[in-house]
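Using the supplied hints, reconstruct the complex from the two chains, each of which is provided in its own coordinate frame.
Each chain, letter by letter, is given below.
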Amino acid sequence: MSVSPSTAMRYQQSDPDVRLMLRVRDDDVEAFEELVQRYQSRLIRLMEHLGPKRDWADDMTQEVFLRVFRARKSYQPGAKFSTWLFTIAGNVARNATRTSGRRQEVSEVDTARTPSGSQPTALENVATDASGLMPVRLLEGSERAEMVRAAVQMLGERQREALLLSKFENLSYAEIADVMGLSTKAVKSLLSRARVNLKEILTPYIDQGSTPSSASEDANPKTLPEDTEPPA
Amino acid sequence: MTAFQPPGMPQLSQQDEQLVAYLDGELTLPEREALETQLMASAPLRQRMRELQSGWALLDELPSTTVDDRFTQTTLELVAADLSEKHPKAWCRWGRALLLVSLALALACLGAVIVYGARHARFLRQLADLPIIENLDAYLAIDDLDWLEQISRNDQWNELIEAAELAGAFGPAGLPTYPSPLTDIPPSGVERTVRQLDPAAHSRLHSAWNRFQELPPDRQADVRSRAARVAGSTDPAKLLQTLHAYARFRSHWSSETRGAIERGSHDERQAAFEQALERSRRTWLRQLGEEDSEVLYGVLHVIASDWLNQIQRRAEHFPGYGGDSLRAFWQAPVPSQFEDREAMLLHSVFVRRRGMSSFFRLNADDYDALKAVLSDPLREALDTLMPHPLMQHEVLLSWAIESVQRKSKVARVDSLLALEQIDRLEVELSPPDEMFLSLQRRTQEWQRGGPPAPRSPWPTPNSRRPDR
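Line order of the protein sequences matches chains A and B. Residues in the first sequence are numbered consecutively from 1, following our numbering. Residues in the second sequence are numbered consecutively from 1001, following our numbering.
Any given hint could be a false lead.
[Stated by the list, open to error] Below, simulated SDA-like cross-link-like pairs (lysine to any residue); rule was C-alpha separation at most 25 Å, straight line: (1) A:Lys185 / B:Ala1034; (2) A:Lys80 / B:Leu1027; (3) A:Lys80 / B:Asn1309; (4) A:Lys73 / B:Ala1080; (5) B:Lys1371 / B:Asn1309; (6) A:Lys185 / B:Asn1309.
[Unchecked claim] Selected chain A positions facing chain B (Cβ under 10 Å, derived; list incomplete): (7) Ile44; (8) Phe65; (9) Leu163; (10) Glu200.
[Said to hold, decoys possible] Covered stretches of chain A (in silico footprint by chain B; criterion: 3 or more residues with CB under 8 Å from a CB of chain B, positions within the stretch not fixed): (11) 15-25; (12) 66-72; (13) 148-161; (14) 188-196.
To be clear, the hints were calculated from the coordinates, so they are not data collected in a lab. The beta-carbon is built from N, C-alpha and C at its ideal position, and this holds for glycine as well.
So here's chain B without its partners, still in its complex pose (with noise of 0.2 Å):
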């Protein structure tokens, strides 16, 4: 026996546990008669049986229970209350949770309406703010409106920018036209206006746009002001040309002209702007588009075929009077890299003397070629920016040089190509500052490598210019 037992407790024997279950009925055929077998034989056992009986037959003096009447109906009252209960709960439990799913939906659809509204108040906004962002340069660059304004009257100044413009000055896009296609329309059309704009003034919006983003609300608030102004201005579209074209011709300037115009007095700021517009004449019209520059080379190229045509005669009418050198350079081959004998001629007068040779120089009939085969808004835009014909003939000058130059380059790239693959590769890995002595020096490499070719009879700076 493991069990704990209590001091004072009488040991609980097997056999103990043996005369219970015998008086239970517990036991199995053979203990049962096994232990009847001991009980014949043993009074002590018998009489242990009997106190341990007659211990459990005091029990049947405990009386028996009496059951109130309304047990039955109260115990099924309160069940059915119970149930009552339980009803109420499970739908205040739905209930409440029903309440809090409607109310977690109301507050998410009224966020959803904030969010939506806040955004489409925003898209508003944005749609509004489209026609000023797209001018954003030119209001950024108001330091004066009124000063801005008076200029926008004078009549010497539109033509100047109109000339401008008309020389390329503001690009090929030129000034901003007003009203845009952004001006003036309702919101629902500014979204189709803003599709329907081509690549090149779409991606300007957008960098604007961006640009607009990031200022500060104060700087944004003050953009919208001058916008409104402007708007509210007696002539808006000149108004507006005039800030375009200031802004344009703000940003080619130095600080110091800047600081003149912006913080001097009247007088001042007079002579500083005109000053500026003087120098930035010269610049726009620095500008050659493609066409005008390939008219020009076809001048250029029949005025060099008249100065060979002169070598000829000369070496012919002057025999022995440096007519076997011109003999000689009329009779020399054409590098490969010139088309023919003119553009080689071109090439030495134009890129390498700068049109300072003294024996083959444009006369005023050159010059008046070379300005009537130019385009009439270019030629218009130099009588209006350099009326005077000797400012016109160093421009036309600028341009000679700028149109062989534009052709060098093209026999450049041919010389390149015609070199062998190693060489072309090594002037192309050349620094760009070396690139172009690495090609002259490879394409002369390259010539004297192949059939022995005669002195190049070509005058350089070093050698002796034929006389004229």
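Pulled out of the complex, with its shape left as it was, chain A reads as follows (with noise of 0.2 Å):
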């Protein structure tokens, strides 16, 4: 991709973080080390909600670090730099879930899945494991932190994603579609859907203490279906 020299200059004079990654350009460990410190812990976040399974995390994070260092030679500064990482970061996710499908596929042929293994029902089992059916609202802090990341886990994957860039890094929604090739529209919409997503897969818990398929069974399905990206 051909970036206007202009447009260089304006992110090398704006952004910190393509100053350091030009430096990287230029074989500066040292930079690359301090953009590793900055970025490390956010990525490892989003990698535990985006990836296939939690303690994937720290290596697909590496993996991020490390495609950006091999690309580095070819890095023109043509957007903010965090948008540049959190683009490699869905792919590296992308693929991961992939290939853990993949193995999950292989997987199943020898072993039939148990009902406890849809997310729905891990959900209900953490509510009701951990406070012999009390109210979510009564759970511990920790309890509670599972519970939510329960329910993101349910979201589809790029409502997930725009989710936790909107949330976590606080992107714009025109930096969201940057990241994720969309259109600022179908970001709007994508969150739309994952808050209101999020709010009914949760509510059951705030206000009644029960399961989401008991309070709200036809509400609650299964597996949460991808988002379509609604006409320009």
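Structure, rendered in structure tokens:
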């Protein structure tokens, strides 16, 4: 992708991470170390929710940094550094999910999937095991966190990515659109769906303490569908 | 809203999108003001906004990520390890490519050396074969080398070959000499020697080379073996000369003669060979060079002049006894195709009557005169091959006829050139077997069409011949 000199200069002046990355391009290891330190925790958190498994987050994050370093010679400052970095992270996460899916398909040939393997049931187990049928609002903080994590995992992949970038990385709709390769309008719709779905999943735990399947059986599907981009 | 909505999920309204965008701070100022007005007016809308906000707020419950202290270090080590792996791989790849290229180059060089070696070996083989190829016809004609070697030691045979060569029986080039310029010279000099050969010899060698190449390998090996045997004989020069002469004679023999010589018993072979040589002698002596032909014609012209003087004297001394017709012949104009009256007479005697005229015949003195002017080699060949005088007269008569014929051919060309262009064209386009008849007819017509010419007094086969 060709970037005009004026654009490159603008991002170089406004984004300190771009300047770091330009030093990395010149094989400056210290600049790379600084970039790793700046983004490692944010990327690990992103990967914990985007990746197929939480304990893969460290490896996936290192894979992201590795890709950044390998691509350093061709780096052109055409956007904020974080936009470029999160685009790579999204690709790594999707690859990992596909790899995991293939592995799971293979394992399913020999082992029938138990009902507890489905995400809503897992969420139900988290609620009942931890509280002894007590309302979620009475749960301890760590247990609530686990409940929310399970709810986030129930979102579609793109909803989840948009939600995480918006909530934790404070990216604007336009920046999220850049990272995910969507239109701004599509991101707006995606985030709206994510909020509505999250609210619908978590409402039973918040208000009644019952599992989503008993409180809102119809409203809580086993697997939430992926969003479709609305017409521009 | 056109997006797919799963069953059981609440319909996603435009209002929800606006509320979410409002909470995310993504509305424009007019949109935000319009929505705030609605929120102040609508309690359910405010409730909906709180619900959406509450679910969102729960995300704050997610624990902050803890990063291992060694994460940065391990990441850098991972990158370093990746770099160190990549370089050897690159080196491996380059090394492999280099190895392949080197291998290909080595194979190419090896192939080139093999091809060059094979070509050089073939070239040396060709150089070694050249002296053999020079005498290819001789080696191919050998059927019994022992017998031919025995013949080559016969003095009479050698004199015969010499005489035949003098008579031109083996063509202008004669028999090849031994050793040839290509024999016993180093390979480096052969190429230069071949280049220095005269064009005719070069052409002969090239032709023989092509024929040798077309021979099957076993036949080539046979030729090489024969050449080695000849080279190893007691007198290779004489034997090779015999082989050449034998090959030339053999090419003129009939298949019966060849069969008798090659497959008959010793006596049959000897008889057939002598008989074939006897026939060949006449053939060899038919060869008459241009110079000999010219001098013979000069002598014949003198003889014809003598004959004309005899006619004149007879016409004067014997008037009324055929004298009138002889005088008319003497006084008749000479046709333009002949240079003089003697030429006209020679043409009549030797071309039309083949020397068998009853009035004009060559006598012994005439034959001696003819023989005397021959070139030395031809005269020696005549003495060797035809020792008997009567046989020599026969040969000399045939040469006289040949000599006058050659002059007549020249005269025919003059006659042709003298014709009108359209008549000449007609003659030239005639079939070969009708060309001379056509020329004669056109010449006569042309002469009749010109100034009235007296009737030719020249004796024709149907007219009365002048008496002697």
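Take the shortest C-beta to C-beta distance between A:Ile44 and chain B; is it under 10 Å? Nearest chain B Cβ about 5 Å off; hint holds.
With the threshold set at 25 Å, check whether the alpha-carbon distance from A:Lys80 to B:Leu1027 stays at or below it. holds (23 Å)
For the pair supplied as a hint, A:Lys185 and B:Asn1309, is the alpha-carbon distance within the 25 Å limit? violated (139 Å)
When the nearest CB of chain B is found for A:Leu163, is that gap smaller than 10 Å? Result: holds, 8 Å to nearest chain B Cβ.
Taking 8 Å as the C-beta cutoff, is the stated coverage of the stretch 148-161 of chain A by chain B satisfied by three or more residues? holds (count 4)
Sort out whether B:Asn1309 lies within 25 Å of A:Lys80, counting only the CA atoms. violated (135 Å)
Tell me if chain B covers the stretch 188-196 of chain A under the three-residue, 8 Å CB rule, please? holds (count 7)
Can the restraint linking B:Lys1371 and B:Asn1309 be considered satisfied, given a maximum Cα separation of 25 Å? Distance of about 23 Å is within 25 Å: holds.
Verify this for me: three or more residues of the stretch 66-72 of chain A with a beta carbon less than 8 Å from a beta carbon of chain B. Three-residue rule met by the stretch 66-72 of chain A, so holds; n is 3.
Identify whether the interface hint at A:Phe65 stands, where standing means a beta carbon of chain B within less than 10 Å of its own. Status holds, d = 5 Å.
Taking the least C-beta to C-beta distance, is A:Glu200 closer than 10 Å to chain B? Holds. Min distance 6 Å.
With a C-beta cutoff of 8 Å, work out whether three or more residues of the stretch 15-25 of chain A approach chain B closely enough for the coverage to hold. Coverage by chain B is violated here, the residue count being 0 at a Cβ distance below 8 Å.
Violated hints, in rising order: 3, 6, 11; the structure is consistent with all others.
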